[in-house]
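Sequence lines, in order, name chains A and B.
For the first sequence, the numbering used here assigns the number 1 to the initial residue and increments by one for each residue that follows.
For the second sequence, the numbering used here assigns the number 1 to the initial residue and increments by one for each residue that follows.
Just so you know, these hints were derived from the structure itself, not from any lab.
Predicted model, so just to flag it, every value in this text is computed and none were measured.
Be aware that one or more of the hints could be misleading.
[Stated by the list, open to error] Simulated coverage check for chain B against chain A, where a stretch passes if three residues somewhere in it have a Cβ under 8 angstroms from a Cβ of chain A:
1. 130-139
2. 146-152
[Claimed, not checked] No more than 25 angstroms apart at the CA atoms, straight line, and that leaves these computed lysine-lysine pairs for DSS-like:
3. A:Lys183 to B:Lys184
4. B:Lys173 to A:Lys183
5. B:Lys173 to B:Lys184
6. A:Lys44 to B:Lys173
All residues carry an ideal CB built from backbone N, CA and C; glycine is no exception.
For reference, the chains in residue letters:
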Amino acid sequence: MNPEDDARAAEFVLGTMSGSERSDFQRELARNRALRDLVGDWEKRLAPLAAGAGEADPPPDMIERIERAIDAADRQVFARVRQLERSRRVWRSLAVAATALAAALALFIVVPRIGGSGGREYIAVVNRGGELPALIVKVDLDRRVLSVQPVSAEAPSDRSLELWFIAAGRSPASLGVMGEGTKTEVLPASLSQSDLKGSAFAVSVEPRGGSPTGSPTGPVVYSGTLIPEPDR
Amino acid sequence: MIMTQTEMRPAVQGDASALAGFLSLTGKGDRAAFRLLYDATSRRLYGVILKIVRDPGASQEALQDVYLRIWQRAGSYRSELGDPLAWMIAIARNRAIDEVRARRRTGLESSEDVELSAELAQGPVDLSSRDALSHCLDRLEPQQRACIILAYVHGYSREELASRFDRPVNTIKTWLHRSLASLKSCMERA
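For reference, chain A alone in the conformation it holds in the complex (with noise of 0.2 angstroms):
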């Protein structure tokens, strides 16, 4: 550990940087990843003095303000997945649309597969050529398990692949950083069937460990929406 990397991380947290200083570390920190660990060791050998702080009341009105700028958010969220997926052909009988920002390179198959039990799955697979991985995606809508199997390439050595879901409506939640193997994530069950038509899930390329702010930060380079299956 750098001694001058600490000692900044340390200031940072205690929040004594100029507005400019402040502004250009928290730049550095965005691609550091090394840096970040550093203000999050600095964030809890110092949280206990937050209690000095005491409490507070905020408005009573304040939880619907909240929410209201949650719905706000997440509308335009969604409204960018949407805008995505127009462009794109929809598949017909039930399956997952495909779109991929700047991604003339995919090539993507969706393989509606009928299981024996008459389950429902679903497999995608992604292509990209250059360096990005390619990926399978298989979405199985009655065990509601998404998982996505890197096959070929890794991810850019200093980037890592992010999974995010977005259930409609709302704001992309992570379901971690792309390993090398398989991940398995199951879809939220406080989702209903119908909320779980219309989501959406989305790889983005974000620094190494993942994205820095808990929201994607970098390109979507893999967007997918689970679309309603119309009558066979």
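Let chain A serve as the given structure and place chain B on it in line with the hints.
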């Protein structure tokens, strides 16, 4: 330093696992869990923000932003990031300090000299780390200890500390770096 903890609020005190549960559900888009999380933590976070930002209008805007961020980031919370309240406090302080570094602060200071003596006497985030921190703070020179608390709790910048203690800004910077380094090594020994 006073160590009595009887007045701590049940939803906050030692209830890291309940908060972690709310956070995890919030990360999955559960609004009811989010409201419980808000109920359990908003007075603390608003206290933290108000002390730094001072202006109630700007503090409320900041609080709204902070909970929006918590909603959006809840899914990425992991226990190794610290206990849930500490994680949320970090988000709140970050936003509050951005606010006061971006604009000049208005509003009156509260009576800090009175408060300084009692800074660590209220509900802790985590008892063991609080004890280590409070022990190590006590080993600093009184003025240097006051600098740390004024900065952390009241959002003082180096310049504001310099004028309060009538020292050059560089002296303050040296104080801060030394105090922080000695806090860290003291806490590692503790």
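The hints, checked one at a time:
Against chain A, the stretch 130-139 of chain B contributes 3 residues with a C-beta closer than 8 angstroms to a partner C-beta. That satisfies the three-residue criterion, and the hint holds. Closer than 8 angstroms: that is the beta-carbon criterion, and the stretch 146-152 of chain B has 4 residues meeting it against chain A, so the requirement of 3 holds. The suggested pairing of Lys183 of chain A with Lys184 of chain B is violated, with an alpha-carbon distance near 38 angstroms, which exceeds 25 angstroms. With a C-alpha separation of about 47 angstroms, the suggested pair Lys173 of chain B and Lys183 of chain A falls outside the 25 angstroms cut-off, and the hint is violated.
This hinted pair checks out: Lys173 of chain B and Lys184 of chain B have alpha carbons roughly 17 angstroms apart, not beyond 25 angstroms. Taken as a hint, the Lys44 of chain A and Lys173 of chain B pair is honoured in the structure, with Cα atoms around 22 angstroms apart against an allowance of 25 angstroms.
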